[in-house]
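Each protein sequence line maps, in turn, to chains A and B.
Using the working numbering, the letters of the first sequence correspond one by one to residues 1160 to 1445.
Using the working numbering, the letters of the second sequence correspond one by one to residues 75 to 277.
Just to be clear, a hint being listed does not mean it is correct.
Simulated DEER-style distance windows between Cβ atoms [said to hold, decoys possible]:
| # | chain 1 | residue 1 | chain 2 | residue 2 | range |
| --- | --- | --- | --- | --- | --- |
| 1 | B | 170 | A | 1376 | 27 to 35 angstroms |
| 2 | B | 91 | A | 1363 | 41 to 49 angstroms |
| 3 | A | 1233 | B | 140 | 18 to 26 angstroms |
| 4 | A | 1373 | B | 233 | 47 to 55 angstroms |
| 5 | A | 1382 | B | 170 | 23 to 31 angstroms |
| 6 | A | 1373 | B | 83 | 45 to 53 angstroms |
Read the hints as simulated data drawn from the structure, not as lab findings.
Keep in mind it's a predicted model, so treat the numbers as computed, not measured.
Don't be surprised by glycine CBs; every beta carbon is placed ideally from N, CA and C.
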Amino acid sequence: MSDPKMKHVSEEQLIEYRYAESPDLPASKAIGEHLRECGACRTNYESLVRVLEAVDAVPVPEPDAGFETRLWNQLEPKLSAPEITAPRTRSGARFSWSELFAPRRLAAVASVAAMIVAAFVAGRHWSSGVVPVVNVAIAPPLAPVVAQAKERVLLFAVSDHLDRAQMVLLDISNADVPKGGNSQSSGAIADFSREQERAESLLTANRLYRQTAMHTGDSGVASVLDELEPVLLEIAHSPSNLTPAELERLRKHIEARGLLLKVRVLDSSVRQREKAIAPSVVAGGL
Amino acid sequence: MNRMDGGDAARVTQALGGDQDAFRALVERHSRSLFRLAYRMTGNEQDAEEVVQEAMLRAYRRLDKFESRSNFGTWLYRIAVNCSLDLMRKRRSEMEQRERPSTRDEDEDAPATIERVASEMPAPDRLALSVELREQVQQAMSTLSAVERTAFVMRHFDGCSIEEIGKVIGLNTGSTKNSVFRAVQKLRKHLEPYTAPQARPAR
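This is chain B alone, in the form it adopts within the complex (with noise of 0.2 angstroms):
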């Protein structure tokens, strides 16, 4: 996560000042950061940049809440984690709407099962893992529900705490635990076959 400095802490001053220019660079200095993130949990790049953009949007209207004590760089980040997951619901909702509207699991951003895909999957050894891999790793993280992929993302790739995570999304300890666990067991049944020492083929 991006710490604040200095300059930050001036520019939102200014910036609730009416200084739009000062906003400007708030997002120049901040929004490719955001994009990761936001790729890493929407997984494609349209969406990435959208969730950018109400991110941004939210934190300008939200900025008389923000506390200059505070992380920019922190706060923007879990408006950009919520912006991620809202968005996530949304595409779920509507690709449920369009393929699948008599199913609907417990978790309600339960995704198909990993039997499902499993199912699906081509010998490890018809794969070029190179390029198959990753097309493989996408997919498994496509099969992760939003709260799953949100917890994933923020322990594995941006190193956060447990508490950190579970104040974003709304979990206590124990339930976001277990989204960690959950995520990390569905990504290692559907990718363990392409990543086992005798599933690489000789090329």
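In isolation and in its complexed conformation, chain A is listed as follows (with noise of 0.2 angstroms):
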């Protein structure tokens, strides 16, 4: 039964309406009959259904004939690589080089030797901030513009993996909690196995950066990298499906130490940094 004194709908309610899965929930029966009875709130929500139907009028292309052919083609020499080194068995017995080839692992060792490569151009240009002589390939004038664009190139990836850790941290600040739920409630609640795969994979590539950055002297960047680590390390590690309480827990964590703010301001000073040195590279032609 509707209620003739109910506030008119926001338009949030009126997107969850439009994309409810039942329509036969209290909530979506409410706005339904308010709809019915409320010249405003129905003006509002056709409005909303008009522009949502001239979505779903623009059309998508069919693919040519060719399309599956043509896929197949380009896709093709570039499957057969891991079917010779990593042949499978039937059998389904475990084959070790299949192990040694597996997809994680050999993310983990790129990942690795990416670090260490970012280290050590780090290393040369972060603290010094002196161009090596050992570049007799390049012309003098190239010189510095070869290392402004390397050291770029290092920032950009330090500020995109403070970008990730950020969506991270967010993503665990602002979290539902269900109603209801206090420091005593053992109910679980959201899956968070996926931010936990994300600190995973964020936590090998922060302690190289954080070396790096402990080698080359930036106090500022192994200082905040420290500080998330554990961070990063506790979330990793936590049960799939959080209590209220563990969630509480973890948010007071990152709190505690002002870690999202931390992170936010060296994000932003890594990224001028970064566009302090843009200008010349693409000056030098880079």
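Both chains are sitting in their own frames, so use the hints and assemble them into the complex.
Now the structure itself:
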């Protein structure tokens, strides 16, 4: 039954109503009844529907007849490599090569290799700012530009890392707590396995960036990454289904350190350094 | 989303055994639906094709992680969503470096503000809606951030639940809901002048 004194329906409620998975839910029913009685809300809803219908009306082109063949021709050469290096057995018996070349392991190795390169580059350019003379193949006027380009790549990578870390921290900080949930509550809430995976994948990079920053004397970067690491570790090793109490503890951990703000400030500073380098790199033609 | 049938299950097993023809059959069966998804996410055919290719490649490389109890089409769909997100972020980053190196919104993917777009809009009565509206829709879609666009496409076109979307894009329920809301709000703000009954030109 509709309440005639019901307030106008908000835009968010209208959007939820439009996408309601079940129109029989009490909330949807109430909105439906209100829309029948309230001209203003009905007009608002009709306007929303018209916009969404306009979006629907844009056709999606159908790929041409040769799409699948073309796709396969592009894919096939890329598929053959893993099959040669890591053949599988039909019996399902564990084959050591497949373990060795497992994508997760390869990704970790690639990541470590990239970090070592980053550390190498950073070691040469962060601390002293002096361009080494070993670049004999590069004409002298170009050497500083190359150095700046390398530093910019590193700063970009650190900034990207901080962006990702921020997103994980934000997701934890803004996670929904079920109504009635309190520190004593043991009921599981949303699945946090995704956040955990992200935190875990950030951990290795975080360690290596921190070590790089320490070696190059960039204490600002090292300090924030040092504070970030235990929090990432805690997220990665928490249960997938956090209880309200566990979530609250994690949030307090983040808040107590002011970590989000520190990461954001550092990200901004790294980005500015990156941008400061950009014009000269572009001017140098790289 | 495609549902996995017995054929998919058998082909996954065969592909894991090194049978590339079996994987080719999976590619042929699912690539068009992935293309439609990728087109809606990226807004152009070349990028959509690139996404399908990358998604299939990632799927092949992670085939041993696929659980046979799961739905292969859904698994593939999630991979394609992530590939689309990656490509959209890459494109946006390229565009920012080319055009607007100094501005950066709090949302990492945030595009130009809707206000700027709105101020550049021609008067509604000068538009021939049948063609112009399509262009406006595409323009409006391009104002969404990568996350907003992903959430909207999954919700609006594919009917995914907020929980499903959140799992794929890595956000909690509240943030996912907000992404859908923000997307719809931006679309409304941009498109309402063109969809209002009085905006239709007499032709």
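Comparing the hints with the structure gives:
Distance hint check: the CB atoms of residue 170 of chain B and residue 1376 of chain A are about 31 angstroms apart, consistent with the given range 27 to 35 angstroms. A hinted range of 41 to 49 angstroms for the beta carbons of residue 91 of chain B and residue 1363 of chain A is inconsistent with their spacing of about 32 angstroms. In this structure, residue 1233 of chain A and residue 140 of chain B meet the distance hint of 18 to 26 angstroms, their C-beta atoms being roughly 22 angstroms apart. Take residue 1373 of chain A and residue 233 of chain B: their Cβ atoms lie about 50 angstroms apart, and the range 47 to 55 angstroms holds.
For the pair residue 1382 of chain A and residue 170 of chain B, the beta carbons lie near 29 angstroms from each other, so the given range of 23 to 31 angstroms is met. The beta-carbon spacing between residue 1373 of chain A and residue 83 of chain B, approximately 50 angstroms, falls within the hinted interval of 45 to 53 angstroms.
When each numbered hint is compared with the structure, a violation occurs for hint 2 only.
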